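Chemist: Each chain, letter by letter, is given below.
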Amino acid sequence: MSQSEILSQEFELGFTYTRSTGPVVGRFLTALRDRNIVGIKGSDGAVYVPPMEYDPNTAEELSEFVEVGQAGEVVSWCWVSEPRESHPHDTAFAWAMIKLDGADIPMVHSVRVEREADMKTGMRVKVQWADEPRGHITDIACFVVEGAESPLGAAGMNAKREMITGMEAPIYLKYHFTAGAATSRFLGKVRQGKLVGQRCPSCNNVYIPPRGSCAACGVATEEEVEVADKCTLESFTIVYIPIPNNPIQPPYIIANLIPDGANISFIHLLSECVNEEIHIGQRVQAVWKPEAEWTYAMDNIKYFKPIDEPDVPIEQIGKIPAAGVPAAGAPVTGREG
Amino acid sequence: MANLVAVVGIGQTKYQTRRTDVSIAGLVREAAVRALQDADLSWDDIEAVIIGKAPDMFEGVIMPEIYLTDALGCNGKPMLRVHTAGSVGGSTALVAASHVQSGTFNRVLTVTFEKQSESNAMWALSNPQPFSPHLNAGAGGYFAPIIREYMRRSGAPYDVGIKVATKDRLHGARNPLAHLQLPNITMKEVEESPMLWDPIRFLESCPSSDGACAMVICNETLAAQSPKRPAWIRGVAMRSEPTMYAGREEVNPQAGRDCVADVYQQAGITNPRQQLDCAEVYVPFSWYEPMWLENLGFAEEGKGWELTMAGATSLDEGGDIPWNCSGGVLSSNAIGASGMIRFAEAARQVRGDADQHQVEGATTALGHAYGGGAQFFAMWIVSSEKG
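Heads up: the protein sequence lines correspond to chains A and B, in order.
Position one of the first sequence corresponds to residue 1 (my numbering), numbered consecutively onward.
Position one of the second sequence corresponds to residue 1001 (my numbering), numbered consecutively onward.
The following block holds chain A by itself, in its conformation from the complex (with noise of 0.2 angstroms):
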């Protein structure tokens, strides 16, 4: 198969998450709030710019709090001349290693000069505070040289407010999924309406969706097989819950459905049911889109819903071959394909 034909698709995974500060990154969270920065001092007496909650030479709780200066010194940098879309900046910028005055152990933040040319190890930088401070680190617009005009921001507001406990940090990430050749091959198939599996040579059951191996055995499978699009019941559960995002509206039936000719469940939707009568061994079959519908997705199978079957015997699930329930008395072997 050419990598042409190996699917791929744009992923983004997203979580909305809130974090506790605890009381010492709370306490620096507030100060910039507040326009002010504060430190806390170590065992050894140096003072750490964002604070740390333990000590790293001992390990104790640290507890005492220095509020230090709104300027200080370059220590180390990187010029960013292509900023990323989540860098802080839309123009070139440099990442520093800045010692504010009175901190010990520099920290990290970004510079914005016009050029390269115009960062130098040594040089002072002073704060840029942002326009409305929320109690993050970005309150910190940024550093600019010492002694360049500020547009925003005077520096300590000293307004007495609540203590920052929390904060949101949502995180998206985005991917660039690329399928792989066996899940490649299976939604090809599925956008032509097919179900079709690969067979494991060694155990010789066959896997749909196909993963291009057996995990039983550790080996790949590479022959396919066409399987039906009827299936037998082999578990299911009501859902009584939305899942977010999906349109989907409780109660409905998530089942694991084994088509005949293959070995193993995939789960999807029943449908056109009454939920109380499913039960295990039940006979279904898949609802298909109309077939302009279809692309590379199980999607084009809108549900499976209960057909006029009698049931599969508990140990014949996952054994009936892809031309369907044998007649009574006929062998049952689950290899036919």
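Mixed in with the good hints, there may be bad ones.
Stated by the list, open to error - Pairwise CB distance ranges (calculated):
(1) B/P1242 <-> A/T178: 32 to 42 angstroms
(2) A/E116 <-> B/N1127: 33 to 43 angstroms
(3) A/E224 <-> B/M1244: 13 to 23 angstroms
(4) B/D1044 <-> A/S63: 31 to 41 angstroms
(5) A/E224 <-> B/P1078: 44 to 54 angstroms
(6) A/R161 <-> B/T1363: 34 to 44 angstroms
(7) B/R1018 <-> A/C78: 34 to 44 angstroms
(8) B/G1387 <-> A/P310: 51 to 61 angstroms
(9) B/Q1254 <-> A/D90: 29 to 39 angstroms
(10) B/P1078 <-> A/V66: 43 to 53 angstroms
(11) A/V219 <-> B/E1360: 10 to 20 angstroms
(12) A/K120 <-> B/I1066: 55 to 65 angstroms
I should point out that these hints are in silico values taken from the structure, not numbers from a laboratory.
Model, not experiment: these values are computed from the prediction.
Here a beta-carbon is modelled for each residue, glycine too, at the ideal position from N, C-alpha and C.
With chain A fixed as given, assemble chain B onto it according to the hints.
Modeler: For chain B alone, coordinates are given in the frame of chain A:
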């Protein structure tokens, strides 16, 4: 041959829905400090730290062990992170124990945690997947069909899960650290709680907790100097198997059976119900008690539920083999810590240090954890006797 080692310190936080007063570091620290205090030790006495937690998605702090080195006094010491999904608390304890059993270290601190309030943990592992219909309905959605199959096979009455859910919450009410405190819970109340993933009801499911658990494990010589009674580690075992393969036995997984056979053999257990005084077993959904009773050899296949219904696993009913006297995962579930809590609570029992949920005269106990799609297993046997 592994050296004899023991648990000499145990520390836990109070498990609760939200610990908004501390950072993740503060939470982990609290359990670690309590374990050191319990062992009458200080940071300098610890040679290495073995930490574990469930997937990083739960808090969105990637590789949190890096940020937690200061809180756990790891400067200049080896630190190791373990991850085996929901069983991680158990496997972390075993990795810690093996570093002492091997003689690599004389005394280690092991810590596990989860701060689930930082995310919506129920869905953190059920996010949409590319090229797949989004039908992952949380952990309950995954385990419910397996429970249904157990019910069919065993022909167990419908209220076995209800009984377990009630029993473990009554146990939890004896344990001040337990998240859920439901001293007046009844089977009727559990039965009437909303169905979430049929056949799993709301009150048959574990809560979502913030919390941390820590232990100090040391060699035989150092254990002899310990101020409190050590819990000797008499057997350790881990097993895993793939999540999905054709013909996989999901109700009574082979990896669990192999794991327990190994740990029993090491500890000389041939009749667990008779030789063990109690067990702390990972039961996040109530029906997993009868299922694991069978998987762990306390009952023959299909008969686990009979022990439950007879009260054999209940401390309050004077059962002969109480399970989850601490309240279990059904009463507290800080996922990454949940397995270690089982291991630590088993150790508390044989140290005679379990207060109101103590099994009188307990000398030998099983700690158990499972994770993933019931595919990772971790177990240990602890005893008041060296054997």
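Chemist: Could you run down the list of hints and mark each one as holding or not?
Modeler: Structure-based check of all given hints:
1. For B/P1242 and A/T178, the hinted distance range of 32 to 42 angstroms is not satisfied, since their beta carbons lie about 22 angstroms from each other.
2. At roughly 41 angstroms, the beta-carbon separation of A/E116 and B/N1127 lies within the given 33 to 43 angstroms, and the hint holds.
3. Checking the proposed 13 to 23 angstroms range against A/E224 and B/M1244 shows it holds: the Cβ atoms sit about 19 angstroms from each other.
4. Between B/D1044 and A/S63 the beta carbons are some 21 angstroms apart, a value that contradicts the proposed interval 31 to 41 angstroms.
5. Look at A/E224 against B/P1078: about 49 angstroms separates their beta carbons, and that is inside 44 to 54 angstroms.
6. For the pair A/R161 and B/T1363, the beta carbons lie near 57 angstroms from each other, so the given range of 34 to 44 angstroms is not met.
7. Restraint check, B/R1018 to A/C78: a C-beta distance of roughly 39 angstroms satisfies the suggested window 34 to 44 angstroms.
8. Taken as a hint, the range 51 to 61 angstroms holds for the pair B/G1387 and A/P310, whose Cβ atoms sit roughly 57 angstroms apart.
9. For B/Q1254 and A/D90, the Cβ-Cβ distance of about 56 angstroms falls outside the hinted range of 29 to 39 angstroms, so the restraint is violated.
10. At about 33 angstroms, the CB distance of B/P1078 to A/V66 disagrees with the hint of 43 to 53 angstroms.
11. Taking 10 to 20 angstroms as the suggested C-beta distance range, the pair A/V219 and B/E1360 does not conform, at roughly 54 angstroms.
12. Remark: the range hint 55 to 65 angstroms for A/K120 to B/I1066 is contradicted by a beta-carbon distance near 31 angstroms.
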